[in-house]
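There are 2 protein chains.
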Amino acid sequence: MAKNMQVLLAKRPNGWVKETDFEIVESDIAVPGPGEVLIENHWLSLDPYMRGRMSASKSYAASVEIGDVMVGGTVGKVIASQHPKFKEGDHVVGSTGWQLYALSAGDGLNKIDPDAVPLSTYLGVCGMPGATAWIGLLEYCSPKAGETVLVSAATGAVGGVVGQLAKLQGCRAVGIAGGAKKCDHAKTQLGFDACVDYKAGNLHDDLKAACPDGVDCYFENVGGEVMDSALSVLNPFSRVALCGLISGYNATEPYGQKMIRSLLVNRVSLRGFIVFDRPDLYAKAIIELVRWVSQGKIRYHETVAEGLNDAPRAFIGMLKGENLGKQLVKLT
Amino acid sequence: MAKNMQVLLAKRPNGWVKETDFEIVESDIAVPGPGEVLIENHWLSLDPYMRGRMSASKSYAASVEIGDVMVGGTVGKVIASQHPKFKEGDHVVGSTGWQLYALSAGDGLNKIDPDAVPLSTYLGVCGMPGATAWIGLLEYCSPKAGETVLVSAATGAVGGVVGQLAKLQGCRAVGIAGGAKKCDHAKTQLGFDACVDYKAGNLHDDLKAACPDGVDCYFENVGGEVMDSALSVLNPFSRVALCGLISGYNATEPYGQKMIRSLLVNRVSLRGFIVFDRPDLYAKAIIELVRWVSQGKIRYHETVAEGLNDAPRAFIGMLKGENLGKQLVKLT
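Residue numbers (the numbering used here), protein chains in the order written: chain G, 1 to 332; chain Z, 1 to 332.
Next comes chain G alone, as it looks inside the complex (with noise of 0.2 Å):
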């Protein structure tokens, strides 16, 4: 009979996640109750997010407990249901964490349409980190035609959705991204007009370089160094989404700011945002995603790690920017 796998937090890091702050075990698939579906589970997403989540340390949402199951974003199939809304063989999205079988009372479960676009991306360009992207840009910064949008992390899950809806919009879309072969991706395959690479050493010189009017709107991912750069190239009355720092997400110590100074300067309104603060917008991002995606107009890369058990060494990968686009774990 099969087995359920999970991967449970084992330890509080200290630093830099390693592989050993993982346990994974294997359990009995449980049965459903009422009121509760049973969902084999597909897909895994891996985000930075989930890295505070290992943390004691006050976030937006509650820490995983040492022994509980990682957090995390799931595509699946209903393999038995006792709930009114959700029926065997519907496919869903939903929070259902590290594990390959996991029981749900349906909260936070959507159906999704298996037909319009790849299941995958529903953890990706037309999930959570999509949305974030769409929330992040066109709400908190409202680019107008002819602005320059700069991101950092250019090739992630969210920085490539950010540079294609600039484009959409019909700005100049730059990206701050690790590597040439990241920088090359974000312009041939993701449409961006120009990405400085930051590790060629020469950002600050690079951006003003890439960005000759400019930075109207900065998507910011990143934070440290590259958050001082950006910020030294905003124009008068930019907007700034701050959407995550993940420099500093494995640091023991906070980076120091240096150019706080150009918020003020430059009159700029920055906004600390999640996500799902957006309940309003969410569905709304998401329907337009799918669209432009079955369209082409939206495009976007996988990393794929196989199967759950590689999904330790796959995060810690993220976190060190060795994906390109999406990371996700196939778990079937």
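Worth flagging that the hints you see were computed from the coordinates, not collected in a lab.
Some hints could be false.
[Claimed, not checked] In silico SDA-like cross-links for lysine to any residue, where the CA-CA straight-line distance does not exceed 25 Å:
{"#": "1", "chain 1": "G", "residue 1": "LYS208", "chain 2": "Z", "residue 2": "ARG271"}
{"#": "2", "chain 1": "G", "residue 1": "LYS258", "chain 2": "Z", "residue 2": "LYS330"}
{"#": "3", "chain 1": "G", "residue 1": "LYS258", "chain 2": "Z", "residue 2": "ASN250"}
{"#": "4", "chain 1": "Z", "residue 1": "LYS258", "chain 2": "G", "residue 2": "PHE237"}
{"#": "5", "chain 1": "Z", "residue 1": "LYS258", "chain 2": "G", "residue 2": "LYS167"}
{"#": "6", "chain 1": "Z", "residue 1": "LYS258", "chain 2": "G", "residue 2": "ASN202"}
{"#": "7", "chain 1": "Z", "residue 1": "LYS18", "chain 2": "G", "residue 2": "VAL265"}
{"#": "8", "chain 1": "G", "residue 1": "LYS167", "chain 2": "G", "residue 2": "LYS187"}
{"#": "9", "chain 1": "Z", "residue 1": "LYS258", "chain 2": "G", "residue 2": "HIS204"}
{"#": "10", "chain 1": "Z", "residue 1": "LYS258", "chain 2": "G", "residue 2": "MET259"}
{"#": "11", "chain 1": "G", "residue 1": "LYS258", "chain 2": "Z", "residue 2": "LEU8"}
{"#": "12", "chain 1": "G", "residue 1": "LYS199", "chain 2": "Z", "residue 2": "SER63"}
{"#": "13", "chain 1": "Z", "residue 1": "LYS208", "chain 2": "G", "residue 2": "SER55"}
{"#": "14", "chain 1": "Z", "residue 1": "LYS258", "chain 2": "G", "residue 2": "VAL265"}
{"#": "15", "chain 1": "Z", "residue 1": "LYS258", "chain 2": "G", "residue 2": "HIS301"}
{"#": "16", "chain 1": "G", "residue 1": "LYS208", "chain 2": "Z", "residue 2": "LYS167"}
{"#": "17", "chain 1": "G", "residue 1": "LYS258", "chain 2": "Z", "residue 2": "SER63"}
{"#": "18", "chain 1": "Z", "residue 1": "LYS208", "chain 2": "G", "residue 2": "ALA61"}
{"#": "19", "chain 1": "G", "residue 1": "LYS199", "chain 2": "Z", "residue 2": "LYS258"}
{"#": "20", "chain 1": "Z", "residue 1": "LYS208", "chain 2": "G", "residue 2": "VAL265"}
{"#": "21", "chain 1": "Z", "residue 1": "LYS258", "chain 2": "G", "residue 2": "GLU253"}
{"#": "22", "chain 1": "Z", "residue 1": "LYS258", "chain 2": "G", "residue 2": "LYS187"}
{"#": "23", "chain 1": "Z", "residue 1": "LYS330", "chain 2": "Z", "residue 2": "GLU26"}
{"#": "24", "chain 1": "G", "residue 1": "LYS258", "chain 2": "Z", "residue 2": "HIS301"}
{"#": "25", "chain 1": "Z", "residue 1": "LYS208", "chain 2": "G", "residue 2": "ALA56"}
{"#": "26", "chain 1": "Z", "residue 1": "LYS167", "chain 2": "Z", "residue 2": "HIS301"}
{"#": "27", "chain 1": "G", "residue 1": "LYS284", "chain 2": "G", "residue 2": "LYS258"}
{"#": "28", "chain 1": "G", "residue 1": "LYS187", "chain 2": "G", "residue 2": "GLY224"}
{"#": "29", "chain 1": "Z", "residue 1": "LYS258", "chain 2": "G", "residue 2": "LYS284"}
{"#": "30", "chain 1": "G", "residue 1": "LYS320", "chain 2": "Z", "residue 2": "GLY256"}
{"#": "31", "chain 1": "Z", "residue 1": "LYS320", "chain 2": "Z", "residue 2": "LEU8"}
{"#": "32", "chain 1": "Z", "residue 1": "LYS144", "chain 2": "G", "residue 2": "GLU139"}
{"#": "33", "chain 1": "G", "residue 1": "LYS208", "chain 2": "Z", "residue 2": "SER57"}
{"#": "34", "chain 1": "G", "residue 1": "LYS111", "chain 2": "G", "residue 2": "HIS301"}
{"#": "35", "chain 1": "G", "residue 1": "LYS258", "chain 2": "Z", "residue 2": "GLY201"}
{"#": "36", "chain 1": "G", "residue 1": "LYS258", "chain 2": "Z", "residue 2": "GLY256"}
{"#": "37", "chain 1": "Z", "residue 1": "LYS258", "chain 2": "G", "residue 2": "SER55"}
{"#": "38", "chain 1": "G", "residue 1": "LYS258", "chain 2": "Z", "residue 2": "SER269"}
{"#": "39", "chain 1": "G", "residue 1": "LYS258", "chain 2": "Z", "residue 2": "LYS167"}
Fair warning: this is a prediction, and the values are worked out from it, not measured in the lab.
Here the structure of chain G is known, so what remains is to put chain Z in place on it, guided by the hints.
Below, chain Z alone, put in the same frame as chain G:
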């Protein structure tokens, strides 16, 4: 015959401003040509923004050139006019610089009512600093009754008004100031509910104690360690009005802000702003402030230097926080 006296920028300061960065000169009093007025200045305002104008580096307004009269707000009386809108004897507020007599073509010059409130207040609580407080708090922080408003430099010309406006909105008003005397003034004279002395060496814990329900609106005048401590007590969905960063104005190396993560985790809206960007609100703010001051609903305190010769010393003292309330120079 009377002579004009002017304070010129002699040198660009490197780090802390020195009195020798200024030069005081005598000259003849100009005669107004067609479309011009001659003003006898009675009061000169000293404000933190002037430090930025002394530097060559980019700010939101052009630098003062070496040898030019220092910029500054003034209140005075028209003593000769060839301008259709102003006549001899009119009292006016404007930005005519550190000098006893000034020619003006009328740009930015406004008539004021010497009977409504004391003349000097048009440079403070009923002038640019008051309007700065009004716009920053009411427009960019949108405080709601019952919320906690925190303001740094709480006994400065801007901060003192912020706290009193917060009280008028039904908020808890908490200040940060340097020294027991200023904190006492904030509580007993300005009506703050609490004031934390950042010089007492226990800023973070004292702030937490003074803000038991956290901070919903933060009005920032200071930056540096004060800002880091304030960011660490922000509530989810709080608003920050970034008005000034005086702690860094004389620094040769920028301070590194360590609590940027709080802006993300708490989904903060931060807005850098300059009062002069909002002419749509400025006049409304002044009208309300004049009314509240004349009704005794808003109180103010002034620190007055005697005579233009003393302006450089008083300016340096203000940058070091030696003043209480609005720093003025009485010219006549």
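These are the hints, each one checked on the structure:
1. LYS208/G to ARG271/Z: holds (24 Å)
2. LYS258/G to LYS330/Z: The given pair, whose Cα atoms are some 38 Å apart, is violated under the 25 Å limit.
3. LYS258/G to ASN250/Z: holds (15 Å)
4. LYS258/Z to PHE237/G: holds (24 Å)
5. LYS258/Z to LYS167/G: violated (34 Å)
6. LYS258/Z to ASN202/G: holds (24 Å)
7. LYS18/Z to VAL265/G: With Cα atoms ~24 Å apart, LYS18/Z and VAL265/G stay inside 25 Å; holds.
8. LYS167/G to LYS187/G: holds (12 Å)
9. LYS258/Z to HIS204/G: holds (21 Å)
10. LYS258/Z to MET259/G: Holds - the C-alpha atoms of MET259/G and LYS258/Z are around 12 Å apart, at most 25 Å.
11. LYS258/G to LEU8/Z: Measuring from Cα to Cα gives roughly 31 Å; hence the hint is violated.
12. LYS199/G to SER63/Z: violated (35 Å)
13. LYS208/Z to SER55/G: With Cα atoms ~22 Å apart, LYS208/Z and SER55/G stay inside 25 Å; holds.
14. LYS258/Z to VAL265/G: Answer holds: LYS258/Z to VAL265/G is near 20 Å, not above 25 Å.
15. LYS258/Z to HIS301/G: violated (34 Å)
16. LYS208/G to LYS167/Z: violated (45 Å)
17. LYS258/G to SER63/Z: holds (22 Å)
18. LYS208/Z to ALA61/G: Since the Cα atoms of LYS208/Z and ALA61/G sit roughly 21 Å apart, the hinted pair holds (cutoff 25 Å).
19. LYS199/G to LYS258/Z: Distance of about 23 Å is within 25 Å: holds.
20. LYS208/Z to VAL265/G: Between LYS208/Z and VAL265/G the Cα gap is close to 30 Å, so the pair fails against 25 Å, i.e. violated.
21. LYS258/Z to GLU253/G: holds (9 Å)
22. LYS258/Z to LYS187/G: violated (33 Å)
23. LYS330/Z to GLU26/Z: holds (18 Å)
24. LYS258/G to HIS301/Z: violated (34 Å)
25. LYS208/Z to ALA56/G: holds (20 Å)
26. LYS167/Z to HIS301/Z: Measuring from Cα to Cα gives roughly 17 Å; hence the hint holds.
27. LYS284/G to LYS258/G: violated (37 Å)
28. LYS187/G to GLY224/G: holds (24 Å)
29. LYS258/Z to LYS284/G: Violated. LYS258/Z to LYS284/G sits at ~36 Å, over the 25 Å cutoff.
30. LYS320/G to GLY256/Z: holds (24 Å)
31. LYS320/Z to LEU8/Z: holds (21 Å)
32. LYS144/Z to GLU139/G: holds (23 Å)
33. LYS208/G to SER57/Z: holds (17 Å)
34. LYS111/G to HIS301/G: Given pair LYS111/G, HIS301/G holds - Cα atoms ~23 Å apart, limit 25 Å.
35. LYS258/G to GLY201/Z: holds (23 Å)
36. LYS258/G to GLY256/Z: holds (5 Å)
37. LYS258/Z to SER55/G: With Cα atoms ~18 Å apart, LYS258/Z and SER55/G stay inside 25 Å; holds.
38. LYS258/G to SER269/Z: holds (19 Å)
39. LYS258/G to LYS167/Z: violated (34 Å)
Hint violations for this structure: numbers 2, 5, 11, 12, 15, 16, 20, 22, 24, 27, 29, 39, all remaining hints satisfied.
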